[in-house]
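Participant: Chain residues, written in single-letter form:
Number of protein chains: 2
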Amino acid sequence: MNKYWSETIKGIIPYVPGEQPRTGRLVKLNTNENPYPPSEAVLEAMKSAVTERLKLYPDPNCTLLRQAAASYYGTSPEMVFAGNGSDEILAFCYKAFFDPGDWLLIPDITYNFYEVYADLFGISYQTIPLTPEFEVSVQAFAEPCDGIILANPNAPTGKALPLIEIEALAKNHPEAVVIVDEAYVDFGGESAIPLLPFYDNLLVIRTFSKSRSLAGLRIGLAFGHPDLIEALIRVRDCVNCFTVDWIAQAGAIASLRDETTFRSNLASIVNTRSKATSLLRAAGFEVIASSTNFLMASYPGLPAKGLYEALRSRNIFVRFFPKPRIDQYLRITVGTDEDMSILLDALTDLT
Amino acid sequence: MNKYWSETIKGIIPYVPGEQPRTGRLVKLNTNENPYPPSEAVLEAMKSAVTERLKLYPDPNCTLLRQAAASYYGTSPEMVFAGNGSDEILAFCYKAFFDPGDWLLIPDITYNFYEVYADLFGISYQTIPLTPEFEVSVQAFAEPCDGIILANPNAPTGKALPLIEIEALAKNHPEAVVIVDEAYVDFGGESAIPLLPFYDNLLVIRTFSKSRSLAGLRIGLAFGHPDLIEALIRVRDCVNCFTVDWIAQAGAIASLRDETTFRSNLASIVNTRSKATSLLRAAGFEVIASSTNFLMASYPGLPAKGLYEALRSRNIFVRFFPKPRIDQYLRITVGTDEDMSILLDALTDLT
Chain G
1 MNKYWSETIK GIIPYVPGEQ PRTGRLVKLN TNENPYPPSE AVLEAMKSAV
51 TERLKLYPDP NCTLLRQAAA SYYGTSPEMV FAGNGSDEIL AFCYKAFFDP
101 GDWLLIPDIT YNFYEVYADL FGISYQTIPL TPEFEVSVQA FAEPCDGIIL
151 ANPNAPTGKA LPLIEIEALA KNHPEAVVIV DEAYVDFGGE SAIPLLPFYD
201 NLLVIRTFSK SRSLAGLRIG LAFGHPDLIE ALIRVRDCVN CFTVDWIAQA
251 GAIASLRDET TFRSNLASIV NTRSKATSLL RAAGFEVIAS STNFLMASYP
301 GLPAKGLYEA LRSRNIFVRF FPKPRIDQYL RITVGTDEDM SILLDALTDL
351 T
Chain P
1 MNKYWSETIK GIIPYVPGEQ PRTGRLVKLN TNENPYPPSE AVLEAMKSAV
51 TERLKLYPDP NCTLLRQAAA SYYGTSPEMV FAGNGSDEIL AFCYKAFFDP
101 GDWLLIPDIT YNFYEVYADL FGISYQTIPL TPEFEVSVQA FAEPCDGIIL
151 ANPNAPTGKA LPLIEIEALA KNHPEAVVIV DEAYVDFGGE SAIPLLPFYD
201 NLLVIRTFSK SRSLAGLRIG LAFGHPDLIE ALIRVRDCVN CFTVDWIAQA
251 GAIASLRDET TFRSNLASIV NTRSKATSLL RAAGFEVIAS STNFLMASYP
301 GLPAKGLYEA LRSRNIFVRF FPKPRIDQYL RITVGTDEDM SILLDALTDL
351 T
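Order-wise, the sequence lines are chains G and P.
Note that full-length UniProt numbering numbers the first sequence so that position 86 is 86, with each residue one more than the last.
Note that full-length UniProt numbering numbers the second sequence so that position 229 is 229, with each residue one more than the last.
Here chain G stands alone, though its shape is the one from the complex:
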């Protein structure tokens, strides 16, 4: 700490991302990356964008990317915003829609960044407990508020909320902005994008970091009423007009055009998830049925922290959250079959 730091920064607890270890041989199942690489077509599109044009600022409006996304998702470009990863867009949302004194509702167990943003920008919030089964209860989100933010499917629980319940949140809170982070929806949730024509208070956030194998490129999208998108554009133009570089715009467009690889990788992950869930259960683990590319698993009677550390010493990285209610679980990214086999062997050995 330092006398030059702002009071906000002195007091805040930043988000702690999963480790990005740089050692050579490891099984990395800790940050929900895709085990399958971007396709050759996507890599080629990025290479083709490495040209002399990089001397010029990128298109600040990501025109072609927004057109491609609108076409892919059946909406219009003015309902699409592109950012340098979905985290950037989520942060922009807090400045776009909320002022100090506003009141947000956030699930008590979800992506920790939602609370960090609120702390950073001085927005008040209440955490709403998930049910004992880790479900989002729409009834529990009944109280008046200025905004609701949640992930669907939720992280790190892996549980998805039916679309009708997302719709209920938007319908019950016409004065609030309801932000649905669909980082994991491609793995088994129902997207709220089809609801957008009916709810001008609904914003859907997507990332290319999980299902599209592009965590290293940094691409996120938001979908919503043009007025909500315009607010995000205003925030961006108060921060950094050019957040998505030329190469990222090209890679994201190519990803949206490569449906075959995308679907094939998703199918592989869902298949591996199903097998790993069964095998973990057979090995004595309790595993939450997952709609995402990760599993929450606990072993009755064995502290998760110890398992996490033991795995780590074997160069197998999973995630452990020292947080009430979930500190008995390991969060395990669904990797390849081989990754999961190595993990299962180690866990069998450790339990």
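A couple of the hints might just be wrong.
Identical copies look the same in the list; a pair holds intra-copy or inter-copy alike.
Calculated lysine-lysine pairs in the DSS-like style (CA-CA distance at most 30 Å, straight line) [stated by the list, open to error]:
id	residue 1	residue 2
1	LYS3	LYS171
2	LYS305	LYS28
3	LYS171	LYS10
4	LYS28	LYS47
5	LYS323	LYS10
6	LYS275	LYS10
7	LYS305	LYS171
8	LYS275	LYS305
9	LYS275	LYS28
10	LYS28	LYS323
11	LYS28	LYS171
12	LYS305	LYS47
13	LYS3	LYS275
14	LYS47	LYS3
15	LYS323	LYS305
16	LYS171	LYS47
17	LYS323	LYS275
Derived by calculation from the structure, the hints in this document are not laboratory data.
Once you've looked at the hints, dock chain P against the given chain G.
Facilitator: Just chain P, lined up with the frame of chain G:
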């Protein structure tokens, strides 16, 4: 405007970047990009970074880039921060060092974003007039404050402040953070980086968008005491842990290693600047002596706005700022000799 917008966003005037026209044939001298492309070595380094590794999150700490920058600038990696363009870093500075109620001093004529950030984050500020000769007067910045932010050389005036005066600002304000934006320093200013060991309140910001021909890639750096850098890291980790993608990290490192092309392009621009200054003066323009890659030029008796529009209709894009004191000037990026020749022919025709 919309009922869901935050009060801040309803009231704010975002930064207006120079146009990024997409028409084919034009002379683009409006956003201070480098007329020379990144070298083959830099392009190859980026292409080599387009690999399967993009499925993984990038190194959040930009370890290799910070090492390369520390080595290049003669400092240490813990005194370096890397961001998605210098604008992102500047925005982070406002959250890192200032709270509402704090008081900033900003030159009245400078990069307009400094005021936009203050408006966005609710930081109070006073604009300090430049002298009639568009000089920053250190005496005018004497009053107590929590921060000073200025560009050196300044934009859009193109004038540089001697290092001894930057030092005086840091020395006179030991309780304030003094932020020096050196976006244009490679074209003719004196960098304050050598002062950093002596002033723990001094932060120097750099961009790869101008002198390094990488506007389309988005890379900025900050240099300062490790405590200041740590505050920027905390802000980043409250917003978006991974702001600089793999390819940008690789391109930036390669740029720092390609001194020959860098120096050669700088020399060409400085040479063209010198010739264009003489020719514009010979054509009747008043031209401020520039330490940057742009010129501020006015033609006595002819409104700059009209000239700007007339050039635009000929597909020659320069910048015009409808702002007191500078609304008689065109800001003209120094392009290639050929660009400047086309511009001069048009201006001769129009005056």
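Participant: Are any of the numbered hints broken by this structure? If so, which, sorted upward?
Facilitator: Checked against the structure, the hints that fail are numbers 6, 7, 11, 12, 13, 14 and 16, while the rest are satisfied.
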